[in-house]
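Enquirer: Here is what each chain is made of, one letter per residue.
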Amino acid sequence: MRPRALTTFAALAGASVLTLAGCSGGPANAPAADVTAEAEFSGTLSILTKFAGDPLSPYFEDLAAEYERLHPGVKIELIQETDQSVKDKTKTLTASDALPDIYFTWTGNWAENFVRGGRAADLSKVIGPDTPWGRTFSKASLSAFAYDGRYYGIPLYNNGKFMGYNKAAFAKAGVKVPATFEELLSSCPTLRKAGYEPVAFGNKDGWPALHYLQQLFAYTVPEATLQADFRPGTAKLDHPGYVTALKQFKTLVDTCTDTGDGTNGVLYTSAQEAFSRGKAAMYYQEVLEFDNATAGRGLSPDDFGIFPLPVPEGAGGNPKAIEGAPEGYLVNARSPRAALAVDFMKFVTGSKNAEKLSSPPYGQPSTVIGAVTPKTSSKAVFEGIEMVNRAPQLASWLDMVTVPEVADAWLAGGEAVISGDTAPEKVLESVRQASASAK
Amino acid sequence: MVSRLGFLGVIARLFMWVFLLGLAVVVLYPLLWMALNGFKTNAELFGNPFALPVDWSFENYRKAWNRGVSNYLTTSVLVTVTSTIATVFVSAWAAYGLTRVNIPFSKAITSVILGGLMLAPTVALVPLVKMFQAMGLYNSFWALLILYTAFRVPFTTFLIRAYMLDLPREVDEAADVDGAGRWTAFWRIILPMCKPIITSTILLHVLFAWNEYLFAMVFTSGSGVQTLPVGLTSLMSKHGTDFPVVFAGMVIAAVPVVLLFFFGQRYIVKGLADGIGK
Amino acid sequence: MRTIFRRAPFQRALGLAWVIPALALVGVFVYLPLVQNFGFSTLKWDIYSGSQEYVGLENYRKLIGDPVFWSSFGNNLLYAVVSIAFQVFGALLLAALVESIRSERWRRGLRAVYFIPSAISLTVAGLLFYFVYEPNLGLLNHALDAVGLGRFGQSWLGQGDTAMLAIIAMSQWQGFGYSTLLFAVAIQRIPSEIYGAAAIDGTGPIRRFVHVTVPLVREMTGLMMMVTISGAFQVFNEVMVMTGGGPDNSTQVLGTWLYRSGFVRNNFGYAAAIATVLFVITLGVAMAQLWVTRRRRVEW
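Protein chains in written order, with the UniProt record's numbering: chain H, 1 to 439; chain A, 1 to 278; chain G, 1 to 300.
Source of the hints: derived by calculation from the structure; they are not laboratory data.
Careful, some of the hints might be misleading.
[Claimed, not checked] DSS-like, lysine-lysine: derived pairs with alpha carbons at most 30 Å apart:
#: 1; chain 1: H; residue 1: 167; chain 2: H; residue 2: 75
#: 2; chain 1: G; residue 1: 44; chain 2: H; residue 2: 279
#: 3; chain 1: G; residue 1: 62; chain 2: H; residue 2: 426
#: 4; chain 1: H; residue 1: 375; chain 2: H; residue 2: 356
#: 5; chain 1: H; residue 1: 89; chain 2: A; residue 2: 63
#: 6; chain 1: G; residue 1: 62; chain 2: H; residue 2: 167
#: 7; chain 1: G; residue 1: 62; chain 2: H; residue 2: 91
#: 8; chain 1: H; residue 1: 91; chain 2: H; residue 2: 125
#: 9; chain 1: H; residue 1: 176; chain 2: H; residue 2: 247
#: 10; chain 1: H; residue 1: 167; chain 2: G; residue 2: 44
#: 11; chain 1: H; residue 1: 236; chain 2: G; residue 2: 44
#: 12; chain 1: A; residue 1: 270; chain 2: H; residue 2: 279
#: 13; chain 1: A; residue 1: 270; chain 2: H; residue 2: 75
#: 14; chain 1: H; residue 1: 193; chain 2: H; residue 2: 236
#: 15; chain 1: A; residue 1: 63; chain 2: H; residue 2: 356
#: 16; chain 1: G; residue 1: 62; chain 2: H; residue 2: 279
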């Protein structure tokens, strides 16, 4: 290109800046969806799930096929994502105004954003606790998706985080289930001597660290303080329990994992794999992962046990708190097929399908009352969900309960603690800054 | 010759060859490792990475194919073929108009089109998302077709224009004497004469479209419209513990372009050299 | 012969039809978004509600105080510096070495082998190197072990001090063959008489490289430098695939920080502000290129 050409180009570009700089569009406001209307069984219903990959993907595939058989005019378009990819996907779809009719959601700020943005249909009239459909769910799971007394979410299953352990490995090393966090730490060298990686841990994606942290925060920081700190408007984030918990976490990583300060370079699936193949003695996991952990790669269901992350001595929070939250689905407030969407979700949460969801190989403990029993679910799933149901305090995922900017600061902070490049105090400071700027 | 180089010369040659061949190993070994891993089981993969696969079965390749790679491949082929055709024709037309036809504001138009070379796609990302959302083209095959064409027209026009500038003027005169219109002259005379550069631009565009990631990641979401690069990352996240299948998918994605390059190397080199050498 | 082209003004305007498709595509999808981007960068824009609020230069002010923005910028710079060393000067030297081989078959073979990584996508290369760097099953740590350097093995992508360099190293592996190929072409264009004359003078290969090859491929070198710098500031794909910017944002570059700010942190206005910075940088590089080329033209 010649220099002369460039000046012309610059002039052209400059001129158009002046005329067009101001243009921008507002959000399109479609009429609100009517969820109570009679469902019309025609058209394409799109659903964004979190069930991609083995062994979960067939669940919605089978259901969609069955529903299409029942209602020949309906076509179901599944967008199946994974726990990791659904985050970016949902946000991209939101930003592009292309959310499907039904989409997956976590509780906390994650769901609140869609409610606040007018993207989630108010389902109070169909799934409120006093409606026939609503009565089939546990009350707590419904209110997890309630905002200002209105019910938005269709809870699908409950979830909680537990330390899964290999009973054979514990027996071989002569280690008992630790009663305190300190005992957990001291059992690690013994397990290592017996030839196991004590705790398999992969934090490439950042959130696995937050699961440890949130559970430790719930142990060391009083609930009221914790709740206030989740919201940028009331957050102080100055309780000494935070720094204590960050330090405890760092000690755990250094003492109990083989990857130590390099843990950020390991995929969480590699860690899961190491545990399932019997190479690692423990792996901190969600109830949702239990059946997958024992799916025949070495670790048998009989050798698989769980316990809540042990409480550190002198912790000032709630020692009975368990990290966990139900997960569910929202109906797009601008969906022209909202009534059909509701009908499909009623089908998904019917007792037969709820039981199917709760049993192996899926092992996703349904929120539908009576779906999780020792008969339907595997032993570990039943045991875990019982503990979740009995817990006096549930702490929701740290990266979901806070606003996106703060969640992102926590993600970076967790990684920084692991690699040891940043002191816990500094990490907390950066989260405080993110929280202040998100006010 | 060797005697004239002397002892030091021989040593230098030796070092050079060790270096050049060593570099070739550094380039080829990871690729070979990738292909071999596609034949392994997970247990083998986590074992000795240098070992050869125990069982040379195409099971992982078959699995990868069935777990979406066949869809990604179809989409990639479709997007690549259509955007190549669109880009090359739009660019060839523009290059013809700018070099062989006397049009008004020719200089300004040249700078506007070629100026696009300087603009990074990342810069336009946010407005483009908004724009495609408004046009209802988000998450569609059209989004990728349009973007791949629009962002490659400047470069392709640049290469073809450079080539057309060198074609002798007599060609047009001859066409005019024959009474052929501009349209006929373009198709019958100029375009065939530009065959070498057209081949180069086709190959370069295929390389681009096949491998593009940013737009494909942001503008598509359903599995029906995802291209290979994005599909591979989702294969990785969906079957995260089944690494050999991911390797197999990577090989399937890499083989077509590597083959294409081997057969078209000459044209790529020549096209780039002709265009950039100016 | 110009007379043949002189038509009525209407006929002349009709000729615009040739360039309109290209102009329209580039105008609407390349230039218009660029212009809109300036507007967006003055907004506070919430993706959930779609609400937009004019905040003036607030996003730019925030940018200046954002440590991750500056470390991203630093990573892009590092990328540029390393890439210039390897993909410009390294590639030039390599091309000269390859071209000094007498056997045509070997020349062509080596050039082709070096180019293969450039043909495969950065996504494939990135995923592949994710596994090469992986601490448990990775090729690199095992290779270090095999040659007795096991103590240097580490979680390459998992630590702030090695992750960025590991990604850059992958990108050199992927890209050096492409620039080597271009330099090889430029060297081939040097008239053989010049080399012949140098040989008669008894000039050694090193002096020949410094005094003949380097000056004569100067234009290509300049061009490659600009392309490399501009490319270094547009890095996105490999970082996204290998680390996503982590750990602790240590591998964040402007492109990924833009994506993360907009799509993950729900701050599109801020993302647009980063885009503006990227635009200024790439435009600056392009201007520099034009300026340098023009000066050369005048000298010769």
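Enquirer: Broken hints, numbered, in rising order?
Expert: The structure breaks hints 1, 2, 6, 10, 12, 13, 14, 16; every other hint is satisfied.
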